[in-house]
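Chemist: Spelled out, the chains give:
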Amino acid sequence: MTLRDITLEDIESLAVGAWVLGTGGGGSPYLGLLNMRALYKEGHRVQLMPSDDLLDDDWVAAVSNMGAPLVGQERLSDSRTIARAVALMEEHTGNRFRGIMSLEIGGGNSIQPMMAAAHLERPVIDSDMMGRAYPEAQMTSVAVGDLKPCPLTTVDVRGLESLVESVPTWKWMERVSRKICAEYGSTASTCKAPRTGAEVKKWGIHGTTTKAIAIGHAVREAQRKHEDPIAAILGVEPGKILFRGKVVDVERRATEGFLRGRTRFDGIDDHKGAALEINFQNEWIVAWRDGQPIAMSPDLICVLDSVSGEAVGTETIRYGQRVTVIALPPPPVFLSEKGLSHVGPRAFGYDIDFKSVFA
Amino acid sequence: MRRIGIDVGGTNTDAVLIEDGKVAGAVKAPTSEDVTAGILDSLKALGASGVLVGKRIDGVMIGTTHFINAVVQRRHLTRVAALRLAMPASASLPPFCDWPEDLAELVRGGVWMVEGGHEYDGRLFMPLDEAAVAKAAQEMKAAGLKAVGISAIFSPLDPTHERRAAELVAAVMPDATITCSSDLGRIGLLERENAGLLNAALADLARDTIAAFESAIRESGIAAPLFITQNDGTVVEASQARRLPVYSFASGATNSMRGAAYLSGLSDAMVIDVGGTTTDVGQLKNGFPREANSVVKVGGVRTLFRMPDLLSIGLGGGSHVSLDPLKVGPLSVGYRLLKQGIAFGGRQLTTTDVAVAMGILPLGDRGKVAHLDKATCARVFDEAARMAEEAIDRMKTEAGDVPLIAVGGGAFLIPEKLPGVSKVIHVEHGDCANAVGAAIAQVSGECDQIFKDLPRRDAIAAAQGIANDRAVAAGADRKTLSTIESEDMPLAYLPGNSVRVRVRVVGDVAAG
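Chains as they are written, first to last, in my numbering: chain F, 1 to 359; chain Y, 360 to 871.
Keep in mind that the hints were calculated from the coordinates and are not lab data. Computed from a prediction, not measured in an experiment: that's the story for all the values here. A portion of the hints provided could be inaccurate.
[Unchecked claim] Pairs of lysine-lysine residues, derived as DSSO-like cross-links and limited to a Cα-Cα distance of at most 30 Å, are as follows:
1. F:355 <-> F:272
2. Y:414 <-> F:179
3. Y:776 <-> Y:686
4. Y:838 <-> Y:644
5. Y:403 <-> Y:414
6. Y:755 <-> F:225
7. Y:414 <-> F:246
8. Y:838 <-> F:246
9. F:272 <-> Y:644
10. Y:811 <-> Y:403
11. Y:755 <-> F:246
12. F:225 <-> F:240
13. Y:381 <-> Y:776
14. Y:755 <-> F:240
15. F:246 <-> Y:656
16. F:171 <-> F:202
17. Y:686 <-> F:225
18. F:41 <-> Y:656
19. Y:656 <-> F:225
20. F:272 <-> Y:686
21. F:225 <-> F:179
22. F:338 <-> F:148
23. F:225 <-> Y:644
24. F:272 <-> Y:776
25. Y:755 <-> F:272
26. F:201 <-> F:148
27. F:179 <-> F:338
28. Y:403 <-> Y:387
29. Y:782 <-> F:246
30. Y:727 <-> Y:755
31. F:225 <-> Y:776
[What the hints assert, rightly or not] Simulated restraints on C-beta separations:
32. F:43 <-> Y:531: 51 to 59 Å
33. F:349 <-> Y:807: 28 to 36 Å
34. F:224 <-> Y:760: 28 to 36 Å
35. F:246 <-> Y:519: 32 to 40 Å
36. F:160 <-> Y:690: 57 to 65 Å
37. F:224 <-> Y:685: 24 to 32 Å
38. F:207 <-> Y:519: 45 to 53 Å
39. Y:685 <-> F:119: 51 to 59 Å
40. Y:693 <-> F:119: 46 to 54 Å
The C-beta atom is built at its ideal place from N, Cα and C for all residues, glycine as well.
Whole structure, please, built from the sequences with the hints as guidance.
Modeler: Below, the structure written as structure tokens:
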């Protein structure tokens with residue numbers, strides 16, 4: 001048993017690193033961080049457990065906050081609501097969870113399991129199901145693995161609790177749960193289909209909480225020492241710089257509950273004279289240079305503030321910002337033919353073949 | 360067109376007269392404790408120079424660091440009652456939850472959280488609990504509170520709950536100063552609420568300061584309307600600045616950069632403003648300071664204000680100098696320079712003393728610094744230049760040499776040649792650049808509304824037209840209008856194709 005104590009410093013770094021892995025979406029982890037500061041101040045503590053330590057027949061809760069990040073900035077996430085979604089699932093299944101994991105390490109959902117874990121006194125499992133952020137329920141490693149998509153619990157702070165008992169496919173889960181979420185006001189605390197220890201070990205994307213903490217730590221150390229934070233990230237992750245530029249246009253449209261659009265950048269420094277365009281659906285999906293796709297999902301496209309190294313989101317990016325665009329390698333589970341059918345460019349409506357920056 | 364620009368700084372109060380596009384007069388007076396005397400002195404000095412005789416003044420524009428200093432130095436702040444209309448949501452993150460503890464201790468007069476607020480699509484989140492608001496107001500009154508900050512979920516989209524709550528509070532506390540968050544900020548409950556709470560905390564100071572400005576101008580005998588400069592380099596009438604002092608937070612830095620642009624005739628350049636204690640480095644783009652990218656913290660509090668992106672270093676005309684080992688700043692004698700500097704009979708060696716020894720500044724008694732030899736002086740200036748060079752390099756957004764405008768009372772520290780700089784421009788009246796920036800401040804117009812069933816391009820054009828008309832109504836010359844902010848955000852689920860567009864335009868004041 002190798003439980004590791006998570007310090008508040010770790011969570012401060014997690015907030016920065018998870019935002020980088022959010023690839024433009026996933027919502028800012030800042031409010032989750034504030035909740036954790038409050039919980040640690042009250043004496044709560046959280047521990048991290050590698051998935052290797054799970055027994056095959058352990059049960060693991062996978063949690064996330066679902067909805068529009070914009071709503072999350074107004075209806076601030078309350079740590080008790082996500083804990084309630086987990087407790088509701090235990091009441092329904094009658095199985096006690098061994099630990100709690102994140103559905104999505106990218107963005108604010110990296111901290112949701114920490115909040116639930118603090119209230120329920122269980123460890124956080126150091127794995128997730130995306131290795132980044134994605135907009136839809138079928139865009140996960142467990143959906144690629146065709147694991148069971150249900151049941152699902154959703155909780156709203158006003159005392160609204162819903163259970164999706166049965167759906168035949170992940171796509172149906174996406175459609176049904178999004179309807180519930182929209183009725184709640186486009187934000188809901190959710191506990192996804194419970195997973196066994198064996199399933200997590202086989203289909204989880206491992207070590208991602210540790211990875212996000214390492215990225216965040218590198219950025220914060222570089223900020224403290226006035227060093228280049230982009231170089232610091234590339235020092236801990238095998239990423240590549242795609243572009244340095246400034247934002248010259250942002251076009252957003254909301255369709256079917258997603259934020260879609262494109263951002264155009266003009267190059268500076270080494271990229272002066274060049275232009276980049278990135279399409280997004282909540283997250284950065286495909287980057288184009290001179291009409292040619294140069295990076296695409298499932299490669300991680302991260303737009304970072306050139307000075308602070310912190311991530312810039314699709315919802316908040318604005319004219320004039322100076323940014324560096326980098327790519328990070330994708331989780332291997334998404335590179336199979338089945339994986340690409342869930343999260344490759346065609347899954348987002350782009351009729352192009354996936355070609356990795358890292359091929 | 361004749362305008363007086365005044366900058367009320369921590370050390371000096373500067374005043375300039377701008378007439379027909381030229382600086383017709385410029386004076387400095389020490390800033391006084393009560394503000395009024397310093398402004399009056401500077402206006403008297405300006406009058407004594409004869410430039411005002413028999414002339415009609417179109418406006419007096421004052422820029423001040425008073426409000427931001429109050430927050431940074433934790434002085435003159437009013438206790439605030441925070442009323443949030445969002446229950447049962449967001450309860451684990453109450454108002455003031457991300458404030459630095461020392462500032463929260465000073466400002467937090469109490470927190471009341473009641474049911475209310477809207478959804479993103481205009482539905483009610485919860486009905487406003489009017490009885491709870493009225494009860495909260497009674498408790499605020501009993502606690503002796505006089506300033507109230509009200510926030511509600513999605514109030515920028517629907518401010519009715521905040522406004523109704525303000526009415527209910529005013530009915531119980533008719534003399535209270537009430538700030539509604541929807542008057543200040545955009546989406547982001549915590550940051551918007553923080554801005555509202557800071558604004559409420561500045562209520563007393565804003566009232567007193569602006570009253571002092573008004574009485575100084577009245578006593579000086581100048582019959583001209585008073586305007587206050589804002590963070591973005593535009594002006595508002597004094598009554599609005601009194602209501603929303605947070606908008607005038609960072610106007611000092613903006614004014615000095617705009618003044619540098621005006622005095623040099625350049626619209627794209629780096630600017631270095633060397634004061635008595637600190638040096639600010641920023642970048643001019645199209646005549647305006649480049650804005651900070653991320654969330655801006657004021658005195659440690661997160662807000663969503665647009666502020667100039669500045670780097671401040673501890674270098675100035677009053678910086679302490681030690682020779683072995685060589686060190687310049689960050690300590691400074693500040694406004695005590697004329698008493699404590701060696702050239703003025705004091706005991707502290709400063710950068711100004713070194714400049715006097717080199718014969719650059721005709722101040723004090725050069726004999727008192729005769730012991731500083733040429734080589735020593737050169738080492739001190741080299742160190743100051745190195746500090747400036749590093750700061751400029753960090754603020755540059757492009758490789759290659761760029762022009763640098765050096766302004767402020769300590770601009771003598773900036774040499775004629777610096778690595779990474781194509782040329783260093785010292786301008787006449789550069790020591791009063793911030794007062795010049797105030798005098799030439801522009802007028803703005805804003806449109807922030809939801810458009811339905813219009814293509815994006817047409818919605819933006821419609822918003823631009825409204826903003827232009829508002830700027831002209833506020834006194835701008837239509838020919839000079841330009842867009843400084845344009846933002847559009849689609850609103851999911853609203854019927855039709857709804858988009859929220861926010862456009863801000865600025866223009867020069869139309870010739871009276």
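Chemist: Please name the hints from earlier in the document that this structure breaks, with their numbers sorted from lowest to highest.
Modeler: Those not satisfied are hints 2, 7, 10, 20, 21, 30 and 32.
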